[in-house]
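Build out the structure end to end from the sequences listed, making use of the hints.
Chains A and B, in that order, give the protein sequences. 27 is the number that the numbering used here gives to position 27 of the first sequence; each next residue is one higher, with no gaps. Convert by adding 395 to the 1-based position in the second sequence; the result is the number in the numbering used here.
Everything labelled a hint here was simulated from the structure, so no lab data went into it. Everything numeric in this text was worked out from a predicted model, so none of it was measured. Here a beta-carbon is modelled for each residue, glycine too, at the ideal position from N, C-alpha and C. Incorrect hints may appear among the rest.
Stated by the list, open to error - The calculated label-pair distances, taken between Cβ atoms and stated as ranges, are:
1. Met277/A <-> Arg696/B: 43 to 53 Å
2. Gly113/A <-> Ile474/B: 53 to 63 Å
3. Pro257/A <-> Val570/B: 48 to 58 Å
4. Arg780/B <-> Gly113/A: 58 to 68 Å
5. Ala618/B <-> Gly375/A: 34 to 44 Å
6. Ser616/B <-> Asn308/A: 31 to 41 Å
7. Glu642/B <-> Pro257/A: 20 to 30 Å
8. Thr646/B <-> Asn308/A: 32 to 42 Å
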Amino acid sequence: MKPASRGALQASRREVALVAILALVAALTTWVTTYRSEHAFALALVGPVALAFFAARLLTLRLPQGQEVCITTVVALYALGTVPCLTAVLASLVAGIVDLAARFQQSDAGVTGRRALDVVRSSTVLGLAAPSQLVLQPLVFDRNGSNVALIAGAAVGLLLVSLDLATLTAVEAVRHRRQWAPTVRGLAKTLGAVYLVHIAMGVSAISVQASLGASAFVIALLLTLILQNSFNLYLRIRRAYAETIGALARAAELDRPQDAGHAQRVSELAVSVGRRMGFSGGQLERLRYAALLHDIGRLGASQEGDENSHALRGAEIVTAIPFLADAASVIRDHHATEDPPLMAAVIGVCSHYDRLRMNLSVEQALRALTHDQTGVRLTVARELESLLRAGGGIG
Amino acid sequence: MLALCSLGAVLIAVEAARGVVWPSATAILMLAAVSFVAENLAFNLPMAGSISLAFAVNYAAVLLGGGIPAVVVAAAGAISLSDIRQRKSPWILVFNVAQFAISVLIGGLLIRFLGVAPIAAWNRVQMNLDVAAAWTAGAVGLFVSNVLMVSSGIAMVRGLRLREVMRLQKVSSFVPSLVVLALLGMLLALMVSASGALGAAILLVPFIAARRTFRVYLELSDAYTETVRSLVAAIEAKDPYTRGHSERVATYARMVAENAQLSSSTVDLIERAALLHDIGKIGVGLHTLTSADKLSAEEVREIRAHPVLGSGLLESVEFLADVVPIIRHHHERLDGAGYPDGLVESQIPHLSKVLAVADCYDAMTSDRAYRPAMSQREAIAEMRRVAGSQLDPQLVETLVQCLEPSAAEVDPR
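Structure below.
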């Protein structure tokens, strides 16, 4: 228990340090921009802009991995194009604080702390992008060069998205000790469509600003939220699948009390190992489901069947379900020792390790594990070993 | 007859529109292309109703250039490639083009009538209350005429009355989509007027991107219950007496819920709850489930734990939050002698009562280790006997009505 909590504390210290550095740089860029622009600050506008930020924050996205993400790019883009940057940054902070306060009672200290850090992070994105305002605002308010304003708006939008992704990745990497490249790829792939919507709507609002005024933004924000909501529905159903299959896998273990929680633990280990070995997001998902259901073939079977019969039975059950069809072959091969496919080997090794751990300590289990594996399974076993020794990021 | 009517209507509308010809913007051609693409990509917003994105594009065209240019756009959008490929009657194509054309003409005329010119004719693009009012009227006109004509068409083809068709189509649920699409159309018109094709592309690209996500969502959503069904079937297969039980209970529960006129989302909910109601029984030993003798106190305790066990397993699934209490209380009795919590009639969730009736019926009409299956008549009689103390009498009668419409009239008492 102790190493885990120490690790967690170190991680959060690193996180805070990272966000603090970002905040300092953002403060600098905001100050420079404010200094150089004509309209330094507008107190009256903080309220309405904060309201817009708050509205955008209401539709938090919960990603398949469990993280919560608030995307406010449409508001940030419009604000950069129309109000002084200091106003925008302040509005963003105010909205974030109000949002935190509203959710305070529902969550524990850890979650609130993480959310607070994210409020600061998203405001720093705005601050870091502030200098672009010096180019964008004149174009927005000049009624003639509409197409140039459009392109400039799109460019600033892309800048905001890049900063958002970069800072999100940095925080993720620091918190969970993950590698940068796959994390940013994963985030970009999951959130790409949403960011695109935000940029397009922000650019539209800016472009129509001259004729429609602020109501253009209200319409754009409304449309953004509607599209984001449909994306949220999609995320929700994906999460529903993961959680439901997990619950049913747990149900299937009820008649083998010694195996309680085995499927869940194997799934977490396997996904960590897979991530470490560079599996793509799609492969990790397939791995997760195959791991959760790898022992479903043991249901009601007699204890004397050979090791492989439950693997075959499990594959049979899973093949019949269209959503899970591609997990079937992984389940079928998870006990194969002769040159198994990589995914099957990952599950086989992790399952074997978990069973060893039922009676042995970590050291003993690892020794026993690497002792009798060969080929692909040995490679996987080594990965698992180095993962566990590193002590970080399981799950 | 259909064709004659539509043709006649087209002629009349063209006559009326001829009085208000305006020069069309070059963007009209581009909008026409967009309309065509939109219709054939068949994008629908994630809300009730099946108004497609084409409505927004047609509306934008009306705002931009008035009635006549909008007809070009609408006509392009009315051409459905899939209809052509399926070799449907050409009159359907004519009808679609005609009804879109007429609706945009009406929309355009309304706006013109209220004193607002199309955007293409403005010197400066500026919004005010008059413009907003006129545009709203235009949107409403476009929508209403579209719906009326389509409904009339359906009514004529199927030999129904117009009001009946409109009720069946649940027209009122389209209104939220209408508001959103009208706003989108307005934004689109202004974007095109300000930045031409580039503007339209920027605005519409996200909707096309969102379409794919939404389609995957629909597939996953449809497949969810089936996936659960298959997994539960696999889990229950281990014991000959539980095999298929949840599936049958789900069927009965669904029947009762539909008969009781519950909403379709409630029907889906009860179906899911029924499929999952016995997953807590896995831990119960095979010898207990298949025992022909009276059970010991220990065994009874084991079996009675299953609602709590099952609902506990599902508590971690956010999507099934509503299912958890239904499963937890499906063995409660109206007289409070049930388990686990001994709730009385007013405290038991309604859907738990539905589940109890369905569960009871299937248990009675299935073979058990300690007795063979009862006949339908015997089971109904038994259910009526415990109606009021164990089961809800109204729901019992609803189930009886589904099983045997004539049995409802027979009173065994």
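| said: Check the structure against each numbered hint from earlier and tell me which ones fail, lowest number first. | reply: Result: no hint breaks.
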